[in-house]
Amino acid sequence: METLLPILFIYIFIDNFVLHRFFGICPFLGVSRRMETAIGMSMAVIFVMTMATLVTWLLHTYVLIPFNLTYLQIVTFILVIASLVQLVEIVLRKISPTLYQGLGIFLPLITTNCAVMAVALLAVRQEFNLLQAIVFAIAASLGFSLALVIMAGIRERLELAEMPGILEGSAVTLITAGILSMAFLGFQGMLTL
Amino acid sequence: MLIYPIAALGLIGLIFGLILATAAKIFAVETDPKIEEIKNIVPGANCGACGYAGCAKFAEAVVHGDVEPGGCIPGGEDVTNEIGRVLGIEVSGEASPIATVFCIGDIYKTTDRFIYDGVKDCAISERMYGGHKGCAYGCLGFGNCARVCPFDAIRMGTHGLPIIDVEKCTGCGLCVKECPRDLIQLLPPGNNGHLALCTSQDRGKAVSKVCEVGCIACKACVKACPINAIEMEGKLAVINLEKCDDCGDCFEACPPVTIHPRSAIPSEKEAEEAAAAPKEVSESA
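Heads up: the protein sequence lines correspond to chains P and U, in order. Read left to right, the first sequence gives residues 319 to 511 (this note's numbering). Read left to right, the second sequence gives residues 100 to 384 (this note's numbering).
Isolated chain P (complex conformation) (with noise of 0.2 Å):
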């Protein structure tokens, strides 16, 4: 139980999955546009990666490993992921039309998201229990989350500073991205399991 608020920590601010270990750049670059489909973004990620490291645990808790299977993981968790994906999306497109416009490619983009599957393996690897491996995939998501709500902010900002040519676009948007990497850098040390 004392390991929970820790493992919360750790994994938004110290091991931050985008601006640390560099996971979902392709969504944290792509859809950072706009404020809103930010956020709407990572409400879809944290329910997917939820749901996703609860489904996977399970599986790989009782049924990989009794069977002896666990090298069948990365398939299997791909499985999941796809399907929870699609879910997440059939249900957005009648719930929530604009949403699901506005997230776009973005959205079946999650499946081939390496953060989620990221947070699948690591929860397995770590030898998290069930409420740890939950925890460690809301604190995940949020990481994501927060990273994606920072740089949507600072992009919407952006969007109307006065800069030179060369560095319109991608080009800012990428050096932004590094010198939010350096500042979450400075969490370093402060925590460990």
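Calculated directly from the structure, the hints in this document are not laboratory data. Here the structure is a predicted model, which means the values were calculated and not measured. Don't be surprised by glycine CBs; every beta carbon is placed ideally from N, CA and C. Do not rely on the hints blindly, as some may be mistaken.
[Unchecked claim] Example chain P residues on the side facing chain U (calculated, C-beta under 7 Å, incomplete): (1) 381; (2) 404; (3) 409; (4) 411; (5) 443; (6) 444.
[To be verified] If you anchor each label on the Cβ, the simulated ranges turn out as follows: (7) U:123 <-> P:432: 25 to 35 Å; (8) P:344 <-> U:121: 52 to 62 Å; (9) P:389 <-> U:114: 16 to 26 Å; (10) P:432 <-> U:112: 16 to 26 Å; (11) U:330 <-> P:426: 40 to 50 Å; (12) P:426 <-> U:307: 52 to 62 Å; (13) P:412 <-> U:101: 36 to 46 Å; (14) U:112 <-> P:322: 53 to 63 Å; (15) P:426 <-> U:344: 53 to 63 Å.
[Unchecked claim] Within a straight-line C-alpha distance of at most 27 Å, the following computed DSSO-like cross-link-like pairs (lysine-lysine) qualify: (16) U:368 <-> U:267; (17) U:267 <-> P:412; (18) U:138 <-> U:124; (19) U:308 <-> U:219; (20) P:412 <-> U:156; (21) U:133 <-> P:412; (22) U:267 <-> U:219; (23) U:276 <-> U:138; (24) U:334 <-> U:138; (25) U:308 <-> U:334; (26) U:138 <-> P:412; (27) U:322 <-> U:276.
Given the structure of chain P, go ahead and fit chain U onto it with the hints provided.
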């Protein structure tokens, strides 16, 4: 023990499949079947000439009545009529416009300001000290228009100018937007009328220094035109196609032969032949 992995994966897949199938049923979004039908009618090149992001969006807009069935410019009359049939309304189709390049300064007739060794891209050359071509208005000849054309209607001739296939051109206007020097215009279909194929606003002397066929603003055509269909816009003669009755007086009067009938815009072969012929002959002709 091959059975376990197969069974495990198969079962997991089956369960997820069932969940997804039920979810798709519960959360099904009703879409208008007309949208699907129109999607199949339009060309599907996603050129964006209609102003929507792709053909699917256009189909949606047509069904919702946000845009006329004739909005699909590349589709032309056929598509317009088909869409009208699906929607059950009468439509009047209009033939699509044709893209025309307003520059005939090929590589033989123009000079370069410097040797350009950069990326073969008009927009990049244009940014590099305003282009390598002597004329600040003329075609840079790297074929951005040909690359952007979704219908394969433009190719670059050996004489360094784009050649537009009027049969294939659908008037989508992508090349118009792409050209960094705004040399391409959409003209009404057909090939009657004459055109002054130049966009240079430079003085006559400056033009003739860099291009043998540029408009030198001598106004000979304005005087020659019996029906006043030609006007000077700055230092450039512009022929009003709606007025032009194809008499050809301007073509004969034009000293640098900037003016050509629309039906006989200089071809790549003509340009090569003119370049191969001795100077004196081409001048006396």
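Hints, one by one, checked against the model:
| no. | hint | in the structure |
| --- | --- | --- |
| 1 | 381 | holds, 6 Å |
| 2 | 404 | holds, 5 Å |
| 3 | 409 | holds, 5 Å |
| 4 | 411 | holds, 5 Å |
| 5 | 443 | violated, 20 Å |
| 6 | 444 | violated, 23 Å |
| 7 | U:123 <-> P:432: 25 to 35 Å | holds, 27 Å |
| 8 | P:344 <-> U:121: 52 to 62 Å | violated, 30 Å |
| 9 | P:389 <-> U:114: 16 to 26 Å | holds, 21 Å |
| 10 | P:432 <-> U:112: 16 to 26 Å | holds, 22 Å |
| 11 | U:330 <-> P:426: 40 to 50 Å | violated, 55 Å |
| 12 | P:426 <-> U:307: 52 to 62 Å | holds, 59 Å |
| 13 | P:412 <-> U:101: 36 to 46 Å | holds, 41 Å |
| 14 | U:112 <-> P:322: 53 to 63 Å | violated, 33 Å |
| 15 | P:426 <-> U:344: 53 to 63 Å | holds, 58 Å |
| 16 | U:368 <-> U:267 | holds, 20 Å |
| 17 | U:267 <-> P:412 | violated, 41 Å |
| 18 | U:138 <-> U:124 | holds, 24 Å |
| 19 | U:308 <-> U:219 | holds, 25 Å |
| 20 | P:412 <-> U:156 | holds, 18 Å |
| 21 | U:133 <-> P:412 | holds, 20 Å |
| 22 | U:267 <-> U:219 | holds, 25 Å |
| 23 | U:276 <-> U:138 | holds, 25 Å |
| 24 | U:334 <-> U:138 | violated, 47 Å |
| 25 | U:308 <-> U:334 | holds, 15 Å |
| 26 | U:138 <-> P:412 | holds, 21 Å |
| 27 | U:322 <-> U:276 | violated, 34 Å |
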